[in-house]
Amino acid sequence: MAKLFNKLFSKTLYYPGCLTKGVLTKEFDNYKEIFNKLGIDFVLLPDEEVCCGIPPISAGYKAEAKKLAQKNFDLFKNKKITKIITNCPSCYHAFNTIYPTLLRNWDIEVEHATISILNRLKKKKINLTRAEDVTYHDPCHLGRHEGIYEEPREVIQRLGGKIIEMKKNREDASCCGGGGGVRSNKPELAKRIAKDRMSHIRGDPKKIITPCGMCHAQIKGADERGTEFSTYVLGKLRGMRR
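The sequence shown: position 184 = 184 (my numbering), numbered continuously.
Don't read these hints as lab results, they were simulated from the structure. Among the hints, a few may not be true.
[Stated by the list, open to error] List of simulated lysine-lysine pairs, DSSO-like, C-alpha gap at most 30 Å: (1) Lys77 to Lys11; (2) Lys207 to Lys37; (3) Lys77 to Lys37; (4) Lys207 to Lys32; (5) Lys37 to Lys62; (6) Lys83 to Lys21.
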């Protein structure tokens with residue numbers, strides 16, 4: 001009875017993050033449509049949630065990051081949020097790893113969208129066979145910081161992608177050049193790093209897929225084949241026979 005009560009009254013928040021919500025509005029809509037197509041229930045708090053705190057803590061402002069964390073936590077608790085799904089690797093890193101160090105009573109489950117999507121694809125037994133050569137870029141926060149390497153790849157493969165791995169991948173993957181404020185403060189350096197990352201591509205993949213908005217912006221600026229993860233997934237789901 002208790003489990004049923006918790007299931008009926010629990011709420012899963014989709015937290016897109018500042019970049020997705022404010023800049024990558026197409027991708028924001030993509031994820032919402034993907035979740036709806038796959039039967040992933042969620043609520044939104046776009047006008048109430050604040051930044052996850054990654055930018056200030058990366059810049060050394062731990063006290064400011066803690067204020068943001070506490071503000072979010074108070075909001076989530078007030079709205080009875082029990083689980084967070086986010087597509088942003090930086091937000092995921094903040095909620096999963098940083099918030100427990102900033103807030104003593106942080107107790108909300110966090111899941112990256114690539115894992116949420118994979119679990120639903122498995123449940124619905126969606127496994128397309130048409131192969132398309134693609135490659136995958138590992139975001140720093142999702143990969144080296146959080147150890148999420150295989151789940152995004154499995155989603156791509158289940159939807160018909162044949163991954164040609166870059167020369168440097170998984171824990172050895174190079175940064176896109178956008179993180180740590182480099183894109184904002186040293187744009188030319190960021191461009192050079194992104195172009196260097198493109199030199200690691202093997203073969204002739206049709207798409208360069210990544211689930212990080214910042215990485216996508218960097219890659220797209222260096223190579224037109226750059227494709228954000230949700231765009232790839234939604235295109236495949238829309239193309240399925242009903």
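Hint-by-hint comparison with the structure:
Restraint check for lysine 77 and lysine 11: the C-alpha separation of about 10 Å stays at or below 30 Å, so the hint holds. Using a Cα cut-off of 30 Å, the hinted pair lysine 207 and lysine 37 holds, with the two alpha carbons roughly 23 Å apart. Straight-line distance between C-alpha atoms of lysine 77 and lysine 37 comes to about 28 Å, which keeps the hinted pair within the 30 Å bound. For the given pair, lysine 207 sits about 22 Å from lysine 32 by alpha-carbon distance, which is consistent with the 30 Å threshold.
Our distance criterion of 30 Å between C-alpha atoms is broken by lysine 37 and lysine 62, whose separation comes to about 39 Å. For the hint linking lysine 83 to lysine 21, the alpha-carbon distance of about 19 Å falls within 30 Å, and the restraint holds.
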